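> Protein chains in written order, with full-length UniProt numbering: chain A, 1 to 296; chain B, 1 to 296; chain C, 1 to 296.
Fair warning: there could be bad hints in the mix.
[What the hints assert, rightly or not] A short, non-exhaustive set of chain C residues, derived as facing chain A with CB atoms under 7 Å: (1) Ser46; (2) Phe264; (3) Leu267.
No wet-lab data here; the hints were simulated from the structure.
As the structure is a prediction and not an experimental result, all values here were calculated from the model.
Even for Gly, the Cβ is constructed at its ideal location relative to N, Cα and C.
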Amino acid sequence: MRSGMIRVVQQSLLGSILSNMLLVLGCAFFSGGIVHSNKEQVFNKSNAVMNSGLLLMAVMGLLFPAVLHSTHTELHFGKSELALSRFSSCIMLVAYAAYLFFQLKSEKNLYAPINEEGIQTDGSLDDDEAPEVSKWESIIWLFVLTAWISFLSEYLVNAIEGASVTLNIPIAFISVILLPIVGNAAEHAGAIMFAIKDKLDISLGVAIGSSTQISMFGIPFCVIVGWVWGHPMDLNFQIFETATLFMTVLVVAFMLQEGTSNYFKGLMLLFCYMIVAASFFVHIDPKSIQDKPGKT
Amino acid sequence: MRSGMIRVVQQSLLGSILSNMLLVLGCAFFSGGIVHSNKEQVFNKSNAVMNSGLLLMAVMGLLFPAVLHSTHTELHFGKSELALSRFSSCIMLVAYAAYLFFQLKSEKNLYAPINEEGIQTDGSLDDDEAPEVSKWESIIWLFVLTAWISFLSEYLVNAIEGASVTLNIPIAFISVILLPIVGNAAEHAGAIMFAIKDKLDISLGVAIGSSTQISMFGIPFCVIVGWVWGHPMDLNFQIFETATLFMTVLVVAFMLQEGTSNYFKGLMLLFCYMIVAASFFVHIDPKSIQDKPGKT
Amino acid sequence: MRSGMIRVVQQSLLGSILSNMLLVLGCAFFSGGIVHSNKEQVFNKSNAVMNSGLLLMAVMGLLFPAVLHSTHTELHFGKSELALSRFSSCIMLVAYAAYLFFQLKSEKNLYAPINEEGIQTDGSLDDDEAPEVSKWESIIWLFVLTAWISFLSEYLVNAIEGASVTLNIPIAFISVILLPIVGNAAEHAGAIMFAIKDKLDISLGVAIGSSTQISMFGIPFCVIVGWVWGHPMDLNFQIFETATLFMTVLVVAFMLQEGTSNYFKGLMLLFCYMIVAASFFVHIDPKSIQDKPGKT
Chain A
1 MRSGMIRVVQ QSLLGSILSN MLLVLGCAFF SGGIVHSNKE QVFNKSNAVM NSGLLLMAVM
61 GLLFPAVLHS THTELHFGKS ELALSRFSSC IMLVAYAAYL FFQLKSEKNL YAPINEEGIQ
121 TDGSLDDDEA PEVSKWESII WLFVLTAWIS FLSEYLVNAI EGASVTLNIP IAFISVILLP
181 IVGNAAEHAG AIMFAIKDKL DISLGVAIGS STQISMFGIP FCVIVGWVWG HPMDLNFQIF
241 ETATLFMTVL VVAFMLQEGT SNYFKGLMLL FCYMIVAASF FVHIDPKSIQ DKPGKT
Chain B
1 MRSGMIRVVQ QSLLGSILSN MLLVLGCAFF SGGIVHSNKE QVFNKSNAVM NSGLLLMAVM
61 GLLFPAVLHS THTELHFGKS ELALSRFSSC IMLVAYAAYL FFQLKSEKNL YAPINEEGIQ
121 TDGSLDDDEA PEVSKWESII WLFVLTAWIS FLSEYLVNAI EGASVTLNIP IAFISVILLP
181 IVGNAAEHAG AIMFAIKDKL DISLGVAIGS STQISMFGIP FCVIVGWVWG HPMDLNFQIF
241 ETATLFMTVL VVAFMLQEGT SNYFKGLMLL FCYMIVAASF FVHIDPKSIQ DKPGKT
Chain C
1 MRSGMIRVVQ QSLLGSILSN MLLVLGCAFF SGGIVHSNKE QVFNKSNAVM NSGLLLMAVM
61 GLLFPAVLHS THTELHFGKS ELALSRFSSC IMLVAYAAYL FFQLKSEKNL YAPINEEGIQ
121 TDGSLDDDEA PEVSKWESII WLFVLTAWIS FLSEYLVNAI EGASVTLNIP IAFISVILLP
181 IVGNAAEHAG AIMFAIKDKL DISLGVAIGS STQISMFGIP FCVIVGWVWG HPMDLNFQIF
241 ETATLFMTVL VVAFMLQEGT SNYFKGLMLL FCYMIVAASF FVHIDPKSIQ DKPGKT
């Protein structure tokens, strides 16, 4: 497994988070706001704050290895950040498991955050069985999604490099922006549909729930899988990528803190996504990362 | 047009945002809080959150070029950040136009955020005409203000350099701190007056509205004007300036999120401004920026 | 006084803030949430927001010298950041004094944020005298605590270096993580006890109040004391330490903004503390800081 491939996995996971938080949520807010322009759409604020908190925790997990690396204050240069990443990944997986458990237990389970099919869970089903089933379904779905992302990335890495040369587009732009737009098409359609039906909590569950899931489950899971297989994937996504994620999480957290949405908030998220996309269009990995033969 | 002049334009725009957000708003909160010390003053929270969101988006627009440049991960060193800045500026102008449109359309137009003369708009005028007129007035006012800033900067750049040598004060301090204090005197007086009259929404409109306007209209407008005239002005304000703006926006966003103010919040903003001012007093541009003959 | 000793003082102060905000508050939220799992615990939101604001201001005071230093944009390399730190420290002390005055004056003094023994202040005592006494007590307590920290640090610096060599643990980990856990044991026990008794405001007063006090009083006080004694202690805690504090303050501010707590929020803070601790375990000061003989 080449070093370049680890970067593609990292970048497509990052891109998936960015696209869910800005593009999918932005489109949902915008289309919902246009259809229901006579009123403010509301959603479950406390759930949104909890998700913002998890996303900030994920940013913390990614930020420290990147800062340690870029300030050259690691104990053993290059190796310490890998050990730290693996430890942090375990913590993040446990935190995500605790989050699922917490949602399972909390009676006022207003929406099933990861289950797109669970529309009926907000009332019409038996309260005792239905949510648990949807939880297990969703856990399985997590594994399937992650496996799919891993597989896709493995398969696509050569295609991406070819396309990058042919179309003269940086690899970063293809893996961070183009891939996730295609990959998130289903979630995208779902989130918009539910927003138009004024079921904004489900839209949020799809968009922000997916982001939380990828950042607190997908990324650490890939690090652990890489550990088992002997690949040096770590949480150091480099400073620029981490800064992008950080700003995105902050903007979205501020947009969500009120518990209301309108079409302008949606538009702002879309404009932010354009700025993010443009930034990745002029971004390349520094030579030191591209050329090195593998970090082990 | 020398490179030093672009820096003065950048820094006086930045200083104007900082002074509006910390000094003007701080004075307004403080004087309002002292006069009305028996109660908590309230303001329109959702409008404040919207403005915080726009300011965070502006920080995003400034942060990415600065991070790209300082991590040396641009596609074409020096040129890519200019292209990105011009693209982001267009996005920011469109976003600001959308914001004005959104405010125009929203019926519950509790205050006219950019129009200092529009005191009566909160009730006593005809609802159908008055706000639109004040909007158009304010749009014209935007152009006048921006032209004035541009003109002032062009005229003053030599004076600043002379003063800097004579008084032994860094250029950064003059353009970021001293110039905007003079330039914002009118807004300053207005914001304090309205806060004392317990019309905090108008104070906020003046202070935060001006900051939003400069960051989402003034700065991108200058970039576009520079593009038309062939000057390489970009959104890369350097890491330190961007970090200052980022922290300021965060502090103000946290102060505004509750929708209430008191004199201590005002004091805190003033203290923050003193720390910011002191930081710029010991800040100089690195040699590489000062000496280069122009970035084209 | 060796340069290494200043670092130990800086790091143990930083560690004390981190441990209060994440470990102590996390344990309080968690144990309170487990015992009162049938309901959401609430606390005084506006007080929490005020403390978040003060903490963000402290981050601002620490961030600017660190960024100035690391971007090499100081006026006089090495000296300017010391002057800035001393100025900022004075501002922070005045701001903290203003905060105490504000709390003293505000009638709805729901809790005495620094006084752990002041349980009765929330109603049962005479309103006119009791809070003032507890304030003066607390101010004395501030001095005692700071003196104790200074003394402890002076005494322990050799012990730490010895332990670091013997146990093969980085000095940073001992001073940032291990020392404060022992040092905060009393606050820790108090915060958990009050959370279990559903007096979450007192828990917050202990945990967040202590953090505010150390960051806005302890740290600047040490800088001023160092100034008087001729030691070059400044607010430049280096980029990694400042980034850690910044992320921690952000995460805690987002957790507090709703004014409610549950066991999952407590767990998240604990997990964040583990990630922070692990990061400091692989962190060493760069050679340039460790070896230099003193910054004067």
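> Against each hint, give a clear statement of whether it holds in the structure.
Structure-based check of all given hints:
For C:Ser46, the interface hint is violated, since its Cβ never comes within 7 Å of a Cβ in chain A; the closest pair sits about 15 Å apart. Look at C:Phe264: its Cβ gets to within about 4 Å of chain A, closer than 7 Å, so that hint holds up. A least Cβ separation of about 5 Å between C:Leu267 and chain A falls short of the 7 Å threshold, and the interface hint therefore holds.
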